[in-house]
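Please take these sequences and the hints and turn them into a complete structure.
Protein chains in written order, with my numbering: chain A, 2 to 740; chain D, 1317 to 1434.
Bear in mind the hints are in silico, worked out from the structure with no lab data behind them.
Some clues are possibly wrong.
[To be verified] Simulated crosslink set (DSSO-like; lysine-lysine; CA at most 30 Å straight-line):
id : chain 1 : residue 1 : chain 2 : residue 2
1  : D       : K1365     : A       : K343
2  : A       : K564      : A       : K647
3  : A       : K424      : D       : K1365
4  : D       : K1402     : A       : K478
5  : A       : K561      : A       : K616
6  : A       : K564      : A       : K616
7  : D       : K1409     : D       : K1365
8  : A       : K343      : D       : K1402
9  : A       : K564      : A       : K578
10 : A       : K640      : A       : K564
11 : A       : K493      : D       : K1365
Predicted model only: the values in this text are computed from it and were never measured.
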Amino acid sequence: MTALGAAALVAALLTAIYSAVAAVIGARSGDRRWVDSARRAYYALFGLLLICVISLEYAFLSDDFSVALVANYSASTMQVGYKFAALWGSQAGSLMLWAFVLSIAGSVVLYMTRNTHREVAPWANAVLAGVATFFVAMMVAGSLITSADTYPFEILTQVPAQGAGLNPLLRHPEMAIHPPMLYSGYVFFTVPFAFAIGALITRRLDASWIRSTRRFALIAWLFLTIGLALGARWSYSELGWGGYWAWDPVENAALMPWLTGTAFIHSIMVQERRGMLKVWNVSLIVATFALSLLGTFLVRSGILQSIHAFGESKVGVPLLCLIGVVVVGSTALIVSRLPDLKSERRIDSLLSRESFFMLNNLLFVGLAVVVFWGTFFPLISELFTGSTSSLAAPWFNRYTTPVGIGLLFLAGIGPLVAWRRIKLGVLARAAVIPTVAGLIAMTAVATVASAWDKPFALALFFAAGFTFAAIAEEIWKGTAARRALTGEGWPKSFGFLVTRNRRRYGGYLVHIGIVVLLIGVAASSSFQTSRDLRLQPGESAQVGDYSVTYVKPTATIDTKQQKLSFGAILDVQRDGKQAALLSPSREYFASGSADPSAPLRSFFEGEATSEIGRKSGISKDLWAAMQPDLTSFDPIIDKGDAIFAKLANSPAAADPKVQDYLAVQQGKAIRELEARYLNDTPPATIRFNVNPFVIWIWLGAIIAVLGGLFAIWPGAEARRRRVSDVYAARLARELGTGV
Amino acid sequence: MEVLIAIVIVAAVAAFVSVPLRRARGVDEVEDSAHEAVVADLEAQKQAKYREIRDTELDHASGKIADEEFERQDSELRAEAISILKQIDAATKTAPRAAGGEESPGASRPAPSETADP
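If you want it as structure tokens, here you go:
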């Protein structure tokens, strides 16, 4: 099976190269046979990479430790789901995932445009195949340069009995799905980028390339949104520091293309509708694609310290070269096409939807610039000063908070404004109810949470109330207008209104989701109560309104997963009543690469994770993480390791019987430590947080994703058009009932 | 073994991707295909224009656009839409092969409520 995958990978490289070359020949000569052949080659690329993925997954699921990738990132003790996800825990697997998802996205768009975009599509095919060639070539190159660690089918000459296992931090449901979501987001932005390049080369710079790839940009945005939310939730649940966003370089790497991609999704509407912002749109999609590559680069290069960067490797330089080619080549192309990129119209009024979209775009791109500067500041400072210094969360918050509030406010004003122009009086009248709603929200929060001294939080709640009411008003007015025209009931009018205008109302649902999400962010960051406690069983401490008591210790051994867990039962009370019973713990894992002469020390100083105790509610989360102080265990650990070292260094250590004996003794020692933890429990450092409205963040993300799905779902006409009509009817008949 | 499998796979892929290259370059086929592409592009433009008209109607109905401004914008957009329809007609009439057979029974049916945005 592995031989089949390896052969398919080589064939995939040849096929990707052929697809790119044939597409260019077809595009330049106008010979459709070459164009069709290039497209078929791209479909074949998908088939070949599918074979690669299946053969690798087969190796993971069957514990084939003769494959280096499986031996290094999986273990027979791991759960099936994590074995499956271990593929993208590795560098070679990540490259495979990139190339595979790109082959899916590219095949779909090339199939959809097989009868359209005769000039642009072949060039887009060439770009898609070119990018795929890069990623497949990096994997194949790994078979020649063994230190590159990019070849997924490397076979070990000495097969280990057991694999090293996946990093325990990654053994988490959210983390298993998070990387493919992020990568899918990055990859799907390749589609609009490829068509933008095709449009630039052929000078077909009207909105047709946007219409054909808009859904792919939205799909990319959806994947990135899901990926970011899952990453934040993983951080909140697994890292034990109490938050969900730390402005970490790898988090920022995913946020930057999300910001520019969001700007792009808004600004292409202006080009579709008014023929404006052509230079801006092609520049934005180039930036978004380059930032997507940069995201991959940051995770995989190890250039910046991050809690999420899971590998330091040699793919950084090639990726940086690709980013350079993309940025320099695209910029040259845009500059050479500037005369063709002139706007078809000028802006009619500053009070128009297009001008608010422009402002929204400036803020999104401004945010991306701030995040970029903050992320790369360690490198910039090193370049100019020789010493590395980084910017922490307060620096990011100082700039991103006001811009974020501004964007939220614009999300509320946008629905109130018409295209081309709106009279100031009309806008002012429409803004009355949202303004009142914003003031009510702000006052309520300020009063209930005594937050008059938190201007940013108050401004955010004002903007949230304003936006929510503006969208509600817009939906109500639209439904009322349709009802007046058709005489239908309210539910039917509402149903028809939203399903006939999916893009508009799907977009509004996304905005509602973002409002809900930002309410969660604002409340949890402004009104969080947090305290680090040092408690022993039976001791209590007060945190805000809550009394936290360390009731008793817990300890478990999971022999299958080679995991030892030390935990605590915490009784959380408020006003004398139990509010929650939390069970945080610290988990220690046997490492495959443990020092044989210090197996116990390796256990406790190797890979460890925090399992938090949490009680989630609609208004707050009670959250606790703990870390036992194991210094009192040191003498026992040292004494045990000394015995193990003596045996491990003896000539008999190679004897399998001695090795079995050592393993049994290590198990016994761990059990003794477990018993000691329960009987003579050491104190534990406990972080206890009261995090208001955190669940709103996850709910907001879900609402935003649902809104996005609603917006991209094909309308009734689009679905019918595929099976029937291309020469339908006349304008008046087709438009029928207005809204 | 690996090399042998690779050769078999490459041969299979080569057979698959070379199908279009093995077909004769027919002029009719190329022109047909070009026409299909033109019509499909115009259809996409038509749908986008319809969406604009519907958006403007919705903005007018919800009071964002005054009557006078709406009349102006609506007539502009409808004129652009009619121009696209004329181009579609012209493209279908000059199709190298008869395209009338593709019209479905429902094509000429008025569809007032069936033109949601794509």
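Taking the hints in turn, this is what the structure says about them:
{"no.": "1", "hint": "K1365/D / K343/A", "verdict": "holds, 21 Å"}
{"no.": "2", "hint": "K564/A / K647/A", "verdict": "holds, 25 Å"}
{"no.": "3", "hint": "K424/A / K1365/D", "verdict": "holds, 24 Å"}
{"no.": "4", "hint": "K1402/D / K478/A", "verdict": "violated, 35 Å"}
{"no.": "5", "hint": "K561/A / K616/A", "verdict": "holds, 28 Å"}
{"no.": "6", "hint": "K564/A / K616/A", "verdict": "holds, 24 Å"}
{"no.": "7", "hint": "K1409/D / K1365/D", "verdict": "holds, 22 Å"}
{"no.": "8", "hint": "K343/A / K1402/D", "verdict": "holds, 26 Å"}
{"no.": "9", "hint": "K564/A / K578/A", "verdict": "violated, 35 Å"}
{"no.": "10", "hint": "K640/A / K564/A", "verdict": "holds, 21 Å"}
{"no.": "11", "hint": "K493/A / K1365/D", "verdict": "holds, 26 Å"}
Hints 4 and 9, counting from the list given before, are not met by this structure.
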